[in-house]
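Peer 1: Build the full structure now, drawing on both the sequences and the hints.
There are 2 protein chains.
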Amino acid sequence: MYAKKHYLCGMNQPLYSSGLLENVVNEFSRLPGIGKKTALRMALYLLKQDMDAVRQFGEAVIRMRSEVVYCKHCMNLSDTEVCDICSDPRRDHTLICVVESVRDVMAIENTLQYHGTYHVLGGVISPMEGIGPADLTIDALEKRMGENRAEEVILALSATMEGDTTNFYIARKLKDSAVKLSVLARGVSVGDELEYADQITLGRSILHRQPFEINGM
Amino acid sequence: MYAKKHYLCGMNQPLYSSGLLENVVNEFSRLPGIGKKTALRMALYLLKQDMDAVRQFGEAVIRMRSEVVYCKHCMNLSDTEVCDICSDPRRDHTLICVVESVRDVMAIENTLQYHGTYHVLGGVISPMEGIGPADLTIDALEKRMGENRAEEVILALSATMEGDTTNFYIARKLKDSAVKLSVLARGVSVGDELEYADQITLGRSILHRQPFEINGM
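Chains A and B supply the protein sequences, listed in that same order. Sequential numbering from 0 applies to the first sequence in numbering that gives the first Met the number 0. Sequential numbering from 0 applies to the second sequence in numbering that gives the first Met the number 0.
It is worth saying that the hints were derived from the structure and are not from the lab. Incorrect hints may appear among the rest.
Copies of one chain are not kept apart here, so a pair can be met inside one copy or by any two copies together.
[Stated by the list, open to error] Pairs of lysine-lysine, BS3-like flavour, derived with a Cα cap of 27 Å:
(1) Lys71 with Lys174
(2) Lys71 with Lys47
(3) Lys142 with Lys179
(4) Lys172 with Lys142
(5) Lys172 with Lys47
(6) Lys172 with Lys71
(7) Lys47 with Lys35
(8) Lys142 with Lys71
(9) Lys47 with Lys36
Peer 2: Following this line, the structure appears as structure tokens:
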């Protein structure tokens, strides 16, 4: 099959019969993970939809870009200046969970296990990608901790070297404050079979074993 | 892994912090082959782009849907009433290539080997999907053949049972006309290794073997 691809290479540029269609295909294929073929498929699908549905599609995208803002407290995506979580009095505002991105907020909200607030860093420290502490919202976090009289900061970053570096940086920065600092529990995933867990995860989950509780699962 | 998925099922509905974002994710996830996760990825990507780029994206989609038409001769997608191919005097208008969809027009144009015109059927006869001859543009094809004084009609439909049925139907319908009827050559794909070709294809390619020409590849 390699030979086949090689033999035909450069012959796969479609010639569009419509400039407007070509335009849409180009727009779609700029999206992450979308190639020209998928883009064409999506454009032809939209061509078969009602005018109203397509107008709604296009306008939803434009409206989102122009109206969605970052919450001025936690930097989460929001339709209003202060997001629903930060403006909810039932939430524990003394508890701040530090995450990398808005996707992680969704993931944690999805667990229904957390009732504090968030702080979106906007990334992790990564010298390889040229991201330093100043590119993240660490200063805003410190300021907020004072304003909210924070009691606990949960570091919920990725379990990667960059995540660990960022954890370390934040921990050192906050070492003089009285706030309690914690990280997510690392261990075997729920539903995973033990034999497939990697050595380091399994090792940590033995070191950090917890008292067995009948209703604690 | 099955157990894991089962165990966690129903817990994977993201909670969006922005209604406008949720709206766009829903719009994207209606596109073919796009799930909620990919849709979210695309929406977050667009949020990071310039306002102008996003406006251009949304408007391109709306404009395509409202302005693209089907060519009144060949039913191909076009920005104008008559498409570029049908209005090109250098094209051989006595030669009509019958295809299933606009995608096939692109595929054949892409070969740079064809200089006639097209006729897009809009599908193939498929009793399973409830598509009969009346749902296709076969009558328009007959009418056009008269107007263009067609000399040859090339049936370039899929090599499936539905494609063959449609070929047969068109052939019977045109049997009294003087027009020459041909079908695409079936045989081993260029670049394919013989051992991987299926029996029927290989069998046909032996039956329909052609004189060897030094420059004919």
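Peer 1: Now, for every hint given, state plainly whether the structure supports it.
Peer 2: Here is how each hint holds up against the structure:
1. Lys71 with Lys174: within (25 Å within a copy, 74 Å between copies)
2. Lys71 with Lys47: Between copies only: 17 Å across chains, 41 Å inside a chain, cut-off 27 Å.
3. Lys142 with Lys179: within (16 Å within a copy, 82 Å between copies)
4. Lys172 with Lys142: Within one copy only: 12 Å inside, 80 Å across.
5. Lys172 with Lys47: neither (56 Å within a copy, 29 Å between copies)
6. Lys172 with Lys71: Within one copy only: 22 Å inside, 70 Å across.
7. Lys47 with Lys35: Both: 19 Å inside a chain and 22 Å across chains, each within 27 Å.
8. Lys142 with Lys71: Within one copy, since 12 Å is at most 27 Å while 66 Å is not.
9. Lys47 with Lys36: Answer is both; intra-copy 17 Å and inter-copy 24 Å each pass.
Hint 5 from the earlier list is the only one contradicted by this structure; the remaining hints agree with it.
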